[in-house]
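Number of protein chains: 2
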Amino acid sequence: MPDTAMPSYPIEARNKVKRVHRRGAYDHATVHRILDASMMCHVSYVIDGQPYCTPTLFWREGTHLYWHGSSASRMLRNLSDGQPACLTVAHLDALVMARSGFHHSVDYRAAMCFGRARLVTDPDHKRQALTMMVDRFYPNRTAGLREINAQEFKATSVVSMEIETASAKIRIDGIGEEEEDYALPIYAERMPVRMVLGEPEPCPRLMAGVKRGADLNAYQPGRALDEALVEAYAEAYGTVAQT
Amino acid sequence: MPDTAMPSYPIEARNKVKRVHRRGAYDHATVHRILDASMMCHVSYVIDGQPYCTPTLFWREGTHLYWHGSSASRMLRNLSDGQPACLTVAHLDALVMARSGFHHSVDYRAAMCFGRARLVTDPDHKRQALTMMVDRFYPNRTAGLREINAQEFKATSVVSMEIETASAKIRIDGIGEEEEDYALPIYAERMPVRMVLGEPEPCPRLMAGVKRGADLNAYQPGRALDEALVEAYAEAYGTVAQT
Chain A
230 MPDTAMPSYP IEARNKVKRV HRRGAYDHAT VHRILDASMM CHVSYVIDGQ
280 PYCTPTLFWR EGTHLYWHGS SASRMLRNLS DGQPACLTVA HLDALVMARS
330 GFHHSVDYRA AMCFGRARLV TDPDHKRQAL TMMVDRFYPN RTAGLREINA
380 QEFKATSVVS MEIETASAKI RIDGIGEEEE DYALPIYAER MPVRMVLGEP
430 EPCPRLMAGV KRGADLNAYQ PGRALDEALV EAYAEAYGTV AQT
Chain B
230 MPDTAMPSYP IEARNKVKRV HRRGAYDHAT VHRILDASMM CHVSYVIDGQ
280 PYCTPTLFWR EGTHLYWHGS SASRMLRNLS DGQPACLTVA HLDALVMARS
330 GFHHSVDYRA AMCFGRARLV TDPDHKRQAL TMMVDRFYPN RTAGLREINA
380 QEFKATSVVS MEIETASAKI RIDGIGEEEE DYALPIYAER MPVRMVLGEP
430 EPCPRLMAGV KRGADLNAYQ PGRALDEALV EAYAEAYGTV AQT
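These protein sequences, in sequence, are chains A and B. For what it's worth, the numbering used here labels the leading residue of the first sequence as 230, then goes sequentially. For what it's worth, the numbering used here labels the leading residue of the second sequence as 230, then goes sequentially.
Just so you know, these hints were derived from the structure itself, not from any lab. Check the hints yourself; a few may be wrong.
Any copy, or any two copies together, can satisfy a pair, since identical chains are not distinguished.
As the list claims (entries may be wrong) - Using 25 Å as the maximum straight-line C-alpha spacing, the simulated PhoX-like pairs for lysine-lysine come out as follows: (1) 245 x 383; (2) 247 x 355; (3) 247 x 383; (4) 383 x 355.
Working from the sequences, and respecting the hints, build out all of it.
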């Protein structure tokens, strides 16, 4: 539930949660927490009336979202000049097998963000963004990497979108039946799902003596990716993820 | 790589993979395999020039995609009459930490499908679709459930979209550096990620003696969700997932 003492995104026609209002939230903390727990988003945009839905990596700074890609990409060529876009993150948290088809569902956390996407043209801003593209996920990693060269810098575009408004929608109900259906002899369960990190596969061509550094500390095998991302975010920005 | 002996989606301006052509594929088998390994997709659509990106559950029958929701939902009210839509599925398979920021990446499998979304209005077709909404994931489960009632049937809308065209994009490269960068004393790794099923949480109000049935056999704790979904698909339709 939105806390009215907290900063919130304005409720407009485009972001108002229409169905099951109690699942909706508009406060920054709830929206940002969902965003910061993900590395991947889906961006919607329109070219000549045709909607596109492109998965991409992204990150957040305050109320701005960033993503990047090849300067030649369809998405980035068409999202450079203030075109409306919608960036969505969804986490699937559980399968819900109920006693009726109607109440089959999933538990999830989703955030939809609306704004206008603009190419980052200022070279210093772009350089800073490309640093955070790495360091937001792997804190301070860029300092130890081979520096970006002029050709790579030119070949990469960065897009920024101020979140004009947004909504979060969260289902954590698990099984929720019609009251009379609980008396039916039908099996029902909630089955959690998580994005889990596997065993690291170090590059087979590592130089002798080169070890995994503190920049990857959040990423441990068996850990949930969303937890690692929130921890890395807090370290990268020196703040809790949702502010 | 597309196999020219296999049925393929037509290559048009909207679905042609622009960047890194070798990662693109258009054959039904590759596209469908990515779709069938997921329960959740993101659907893009346009209302008054504003793009929306809505996460939702979906399933595939042949070259048709289906999703459903409340008859009152924004998406379903606006995707009823042949409006253009784009339905995308993306699987994040690994984080790739390279020796340069430029070559940081992820391994992934993604499919983008283009078509026109239409409300399923024929009651028999709608009833069959609502059955498969459950049975595609949990084969033959509907037969053992409390039947859908008239009010639920009315409150639910089903949308169908024929895939007019589609593309798959797959990155499985892991670490791919500039050749000279392998000589740098910098740590690099690929770290796999997977959506993993957790321990089932049976409903605490189950009737005595009611057990988990064969309809949930594919869903075992510790198993990757994408594998379970492909197995369930094959059982539900009596065919391999990608045809």
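Using 25 Å as the alpha-carbon threshold, which applies to residue 383 and residue 355: within, between, both, or neither?
This pair counts as within: shortest intra-copy Cα distance 10 Å, inter-copy 51 Å.
Taking 25 Å as the upper bound on the Cα-Cα distance, should residue 245 and residue 383 be classified as within, between, both, or neither?
Between copies only: 23 Å across, 39 Å inside.
Copy assignment of residue 247 with residue 355, given that the CA separation must stay at most 25 Å
between (37 Å within a copy, 23 Å between copies)
Check residue 247 against residue 383 for me: Cα-Cα at most 25 Å, and say if that holds within a copy, between copies, both or neither.
This pair counts as between: shortest inter-copy Cα distance 17 Å, intra-copy 43 Å.
When each numbered hint is compared with the structure, no violation occurs for any of them.
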